[in-house]
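Number of protein chains: 4
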Amino acid sequence: MSEIKEIIETLVKFRNERDWEQFHNPKDLALAISIESAELLELFLWKKAEDVNTEKIKEELADIFSFAFLLAEKYNFDVKEIVLEKIKRNGEKYPVEKAKGTSKKYNEL
Amino acid sequence: MSEIKEIIETLVKFRNERDWEQFHNPKDLALAISIESAELLELFLWKKAEDVNTEKIKEELADIFSFAFLLAEKYNFDVKEIVLEKIKRNGEKYPVEKAKGTSKKYNEL
Amino acid sequence: MSEIKEIIETLVKFRNERDWEQFHNPKDLALAISIESAELLELFLWKKAEDVNTEKIKEELADIFSFAFLLAEKYNFDVKEIVLEKIKRNGEKYPVEKAKGTSKKYNEL
Amino acid sequence: MSEIKEIIETLVKFRNERDWEQFHNPKDLALAISIESAELLELFLWKKAEDVNTEKIKEELADIFSFAFLLAEKYNFDVKEIVLEKIKRNGEKYPVEKAKGTSKKYNEL
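Chains as they are written, first to last, in this note's numbering: chain U, 745 to 853; chain G, 745 to 853; chain C, 745 to 853; chain D, 745 to 853.
Honestly, the hints are just simulated from the structure, not real lab data. Just so you know, these numbers come straight off a predicted model, no measurement behind them. There's no promise every hint is true.
Given that identical chains are not distinguished, each listed pair holds provided it fits within a single copy or across any two copies.
To be verified - No more than 27 Å apart at the CA atoms, straight line, and that leaves these computed lysine-lysine pairs for DSS-like: (1) K848 with K818; (2) K792 with K830; (3) K771 with K792.
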């Protein structure tokens, strides 16, 4: 079994044992990702990255991944496929010759 | 090579070709995850989940995964490992017998 | 009429003319505040504050205020009162002698 | 003194007594608004709005207002002015005859 499939199966098992699928509609899963992202962000608030506790980053990032994998599962998305597709599309929005060394958004390039 | 390693290598190649590592400090990567999460959230704003365009969900979710993988790479986290560890820890915070069928937070159980 | 009341009345008039109250339930208003906050955040992404376009900050901040005022209106909160109350409560969580010059959270002080 | 000026002066006094201005750069204030917005959002997670504790909404909304006022103060924005200006601009993006009764974004109208 692929790595990602294994992670998703473990998450789904955890969810089902607790009968939580009833709460996990796509809208609330999207909320959960945003909330966990803000908890990650909070670790950096008023600080430089080097002053942040790496253990906590690990945990908050794991939470983001968990809800992102659960949302992907809801829609039967293949995570590898959708990320590689998006990279391809971003390659068109940010061609190397225009985007190199600049942090501008594609609509400002 | 594992699936996740392959995704991360593709993301890192994309980033390096554009000389973007200089912008990708952990704090700004955390910002990027939050921003992409809000773009996902916006798809659901004022709507029910079934009225949302699935193609767009795919794209926004791919963006979240991309920055989350890039942040994991920064800290050399093994994504599978950190998610499985977090699931284990959540199992302690949310034991089946207490958490089953309720959406309460662990500190209210 | 007080300044804040005047702002809220103008927002409510704008909303009602467009028959948007049906969409403005508290949960979606909370989503809207988060989304607008992320748009503000995006202005700072990969950048230093001094490189950010002040006009755009003005606009995104105005959007945050707008949805925050509309949510306050939903619950009939008096904005001045709730902010002053929260400052008082924060004064207890962050007493000057402990909190001075440090960015630590109250539970780490 | 105007109501908003009074709120801002109280916030600035609180901040200065704790010598926190050093942390309150615009980028981190924008982070703080996003983080507080997600704490508000969390109150609604997996829930319907009517099941949410109104007292907590009050507190989280007060936090959002506090950081939003502090960011406005950084740039010397007149809150009433910027909100009224944005409403005017939104009136052009969402003319009543097109926007009435629909939750579509202006670029889809």
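Within, between, both or neither: how does the pair K848, K818 come out at a Cα-Cα threshold of 27 Å? between (34 Å within a copy, 22 Å between copies)
Since the copies are identical, ignore which copy is meant and state whether K792 and K830 lie within 27 Å (CA to CA) inside a copy, between copies, both or neither. Between. Shortest inter-copy distance 25 Å satisfies the 27 Å Cα cut-off; intra-copy 30 Å does not.
How would you label the pair K771, K792 (within, between, both, or neither) given a Cα cut-off of 27 Å? between (33 Å within a copy, 8 Å between copies)
Checked against the numbered hints above, the structure breaks none of them.
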